[in-house]
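Chains as they are written, first to last, in the working numbering: chain A, 91 to 617; chain B, 91 to 617.
A portion of the hints provided could be inaccurate.
For identical chains, the list gives no copy identity; a pair is met inside one copy or between any two copies.
What the hints assert, rightly or not - Below 30 Å or equal to it, Euclidean Cα-Cα: the simulated DSS-like pairs (lysine-lysine) are:
hint, residue 1, residue 2
1, K439, K495
2, K363, K95
3, K363, K291
4, K512, K375
5, K333, K528
6, K512, K95
7, K207, K439
8, K291, K593
9, K593, K207
10, K207, K363
11, K517, K333
12, K519, K207
13, K439, K95
14, K501, K593
15, K207, K375
16, K495, K207
17, K452, K528
18, K501, K95
19, K512, K333
20, K207, K512
21, K207, K452
22, K439, K512
23, K519, K439
Worth flagging that the hints you see were computed from the coordinates, not collected in a lab.
Protein chains: 2
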Amino acid sequence: MLTGKNYIGLNLSGTGNTTFQSINPATGESLPTVFFEATQDEVDQACVLAERAFPIFQSTSIRERANFLVAIAEEIDVSLELEEMYCLESGLDTTRFRVERLRTTNQLRSFSAHIQKGYWLEASIDTSQSNNGIQQDLRRCMEGVGPVVVFGASNFPLAYSTAGGDTASAFAAGCPVIVKSHPMHPGTGELVVQAIIRAAKRTNMPEGVFSNLNSLSFTTGQKLVQHPSVKAVGFTGSYSGGKALFDLSTRRDEPIPFFAEMGSLNPVFLSQKSQTLRSEELSKKLAISITNDAGQFCTKPGLIFIEACMNSEEFINSLGEHIIAMANTTMLGAGILNNFQRTSSDLVKLGAEAFVRESTGKGQGTNTLLVVNGNDFLSNPQMHEEVFGPFSIVILCSEIGMIHKCVRSLKGQLTGTIHCEKEEIEKYKSLFELVRQKSGRMIYNGVPTGVRVYGSMTHGGPFPASTDPRFTAVGVDAMRRFLRPVSFQNFPDILLPDCLKDKNILWVPRRINGEMNNYLDVQKNGE
Amino acid sequence: MLTGKNYIGLNLSGTGNTTFQSINPATGESLPTVFFEATQDEVDQACVLAERAFPIFQSTSIRERANFLVAIAEEIDVSLELEEMYCLESGLDTTRFRVERLRTTNQLRSFSAHIQKGYWLEASIDTSQSNNGIQQDLRRCMEGVGPVVVFGASNFPLAYSTAGGDTASAFAAGCPVIVKSHPMHPGTGELVVQAIIRAAKRTNMPEGVFSNLNSLSFTTGQKLVQHPSVKAVGFTGSYSGGKALFDLSTRRDEPIPFFAEMGSLNPVFLSQKSQTLRSEELSKKLAISITNDAGQFCTKPGLIFIEACMNSEEFINSLGEHIIAMANTTMLGAGILNNFQRTSSDLVKLGAEAFVRESTGKGQGTNTLLVVNGNDFLSNPQMHEEVFGPFSIVILCSEIGMIHKCVRSLKGQLTGTIHCEKEEIEKYKSLFELVRQKSGRMIYNGVPTGVRVYGSMTHGGPFPASTDPRFTAVGVDAMRRFLRPVSFQNFPDILLPDCLKDKNILWVPRRINGEMNNYLDVQKNGE
């Protein structure tokens, strides 16, 4: 049952005068629940509660936090209203819902398993005799930075929102979370909030470990990022939104760690042979990657660089025909749709050729493939900006030198994809090197969409793909964003965190005087 | 032999019109070498050269980089002019020189040993069958972020300057370095530059792996931080300098990772029993820690909180007498001295009582211990700012509640020290908790000065101790500041970095499908 209220810990609150409703993008109709925009007072309450909960949450055992994470996954799995609300608010279909729910719950479960292995603690112990014979003892482990604010993404109502990767990362690190729910899917958000609250109660987590605030406007997010009790932020969304909040976070009296994943153009490069030998397979694969779920993925291939050859024209036609053959799909909301239609039609005017499938149904985006040459691309800054929707630009380059020139002009990217045959690798080696310097993830002979929740995943990259290239938003190492090291010098055993006590009671891997203990032995014998 | 020139790779350049000389702080006399302030053109040259060197340096083997680091240490060890120049420029004595040189070369050697163990690569491999039966392969490792700018610190001409922790961290990560030499010890800097250049030649490092620019003014540093070829910055120094450069780094078109360690007040807390049982030992230890090398350490204890008891007056007198008994010492330079004398005498006016040993020799600072109560401290914002020099404030608190109140008012700290007897630990538990939330390193029954170069060291902390609490500036993990993850999806073995190839040819620890391989087995058998 939806209430439309803000969840300040366990307290439901809707004291403000501003309300809003979410809209079904397939019909344009408002959904019934009225959501209360959080007031300044509600923002303060949630932040202060999170600050109070922080030391209590930090002091829960790893096992308790692991159970909390699994409990959230279980509660999401049994939320019966979730599927309908998700589809109503997002325009995404039930197949996508099931994929995304599984991804979200797997993510929570993978963090649960990961924290129990103990590597993330980075326990390190140095003991030595100093020159003057005094015993010196220094130990270090990781702990949470403090309360974390999470901004839900429009395009992943589950996996990058209320109980998505940022929230799971923060909980895994022992940090209370305040979610600013996304105004395009606040109902989906509230159902997930209820799952989190049930899980928190069931596993005895402290009051204030989680709060959820509604807001249609930007102001609630701005207030949260600037609140002195908040110690870090996770954001997934547009460049303009992410950059504005990043600027606020760095201009606070106390600047705080801020991680935004802000999308990317995800350049794809096609060698001469790949166009020739895999024309049909490749053009279809790319067309699906560009138009699937209306191209509303931060890893959608937005630029396709083609080294010209005698088969390029045929390949481009094949790709264009596939783009036209793909069904139009409902976009996430009217704002996103209007922005997309305006931007893509403006860009189409700049190119010599375009393949366009006009949208037919209400709320659907126009599939578009624009074709330009290298000089067009270099001279048009608009082509260097992400277009969020079923749109991509083919850049036909007369020679590899022009491709290099174009790559050098690119900003940081989440991904870079290169298609070439094995025998062409030597020829493309410097291209691989160039693209790698700009990207968080490199793909060989594939498509960039489909971000798998693996430990080896880097979902991030040099600015503006993310605000900090040293972190990932996906995979178990995403929790690093919310961890800091603390050292303890000559501490009595009783005051040390469990992972640093003389006896390795948690059986975690530890670095002792610079050498890792043997992890398998640890598992068997506790060191 | 000093030239006073800028080192742009292997090229010596002094094309600017602005020159300066360093000054012997013990005599106030200028030293003979004339240093050329870098021009905009020289800044550009150094940055572009570093950008070009980056992919070449990244592609050197770990062994080659390890040899480079050791070679720098060896070349510093054989630099015969270094000791005299260090003492002339800094006013520090030969004992300190030898300690600091050993620390610097040990640091370089410890990074050399560390990178060869391979943990820092964080190699991770995930292979799995997807639902549709397709083999998926994702691998991840760390690599350097790009060219790094390093700012030398006034108070550590060796260990936190030209070839100090930041430079060693960046080289270890495969990042070229441009040092902005400190204008108070450019001669010491140039001798170390020559050692680095000799080492780079000897180990065949690429041209541009290292440059060194001189500057008396702030402008060269500002230009460097804003240069588009620069991808990260390491800074050690004052809050005002660090914060100004941090702001520039976040306001670039491409914001970049910026780590500044900006000092701290390093609060010390004394229980009733510790004052009583260890009065003489403790007061002497603290007095040395406050006045050693004129208190010019970022970890100097600047605040001493005392829980009042019948022995407090005696303890404070004993501490004050020790402060007065300590010899005055030459400070690093006239600017630092003047600033110190002004600030400390201003503060003395705010307290009821002070122990002062007037400076006697030229360039020497006045040892000062101010005594105030908790309310004085809470109501005077000046007392919450670091005073760089032989100065500390005793805050006599009527009860533990007042100490808690004072701690809550503190900003982030590099260190927090608590003195109490074992039987008092229970009573002080919440104090330990409070101080820990504000500190990078906790010390039990010791003094905060003496930052050991251990892997377990955290030299950093919540803002303003550092600009990012998630990193350390000291210890092998300091290289993390300059590393980023890159993932490779379905890559052919030949294109993968060595640490990710199917066969573990580097014999490094790897996480495979979420489980660490057995490191000892790896060392024996290569997996």
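The hints, checked one at a time:
| no. | hint | verdict |
| --- | --- | --- |
| 1 | K439 to K495 | within (24 Å within a copy, 65 Å between copies) |
| 2 | K363 to K95 | neither (58 Å within a copy, 52 Å between copies) |
| 3 | K363 to K291 | neither (59 Å within a copy, 42 Å between copies) |
| 4 | K512 to K375 | within (20 Å within a copy, 67 Å between copies) |
| 5 | K333 to K528 | both (19 Å within a copy, 28 Å between copies) |
| 6 | K512 to K95 | neither (57 Å within a copy, 49 Å between copies) |
| 7 | K207 to K439 | neither (55 Å within a copy, 56 Å between copies) |
| 8 | K291 to K593 | neither (32 Å within a copy, 48 Å between copies) |
| 9 | K593 to K207 | both (17 Å within a copy, 25 Å between copies) |
| 10 | K207 to K363 | neither (45 Å within a copy, 41 Å between copies) |
| 11 | K517 to K333 | neither (38 Å within a copy, 46 Å between copies) |
| 12 | K519 to K207 | between (38 Å within a copy, 28 Å between copies) |
| 13 | K439 to K95 | neither (46 Å within a copy, 54 Å between copies) |
| 14 | K501 to K593 | neither (49 Å within a copy, 34 Å between copies) |
| 15 | K207 to K375 | neither (38 Å within a copy, 41 Å between copies) |
| 16 | K495 to K207 | neither (45 Å within a copy, 38 Å between copies) |
| 17 | K452 to K528 | neither (38 Å within a copy, 54 Å between copies) |
| 18 | K501 to K95 | neither (41 Å within a copy, 35 Å between copies) |
| 19 | K512 to K333 | neither (40 Å within a copy, 50 Å between copies) |
| 20 | K207 to K512 | neither (39 Å within a copy, 32 Å between copies) |
| 21 | K207 to K452 | neither (49 Å within a copy, 59 Å between copies) |
| 22 | K439 to K512 | neither (38 Å within a copy, 77 Å between copies) |
| 23 | K519 to K439 | neither (35 Å within a copy, 68 Å between copies) |
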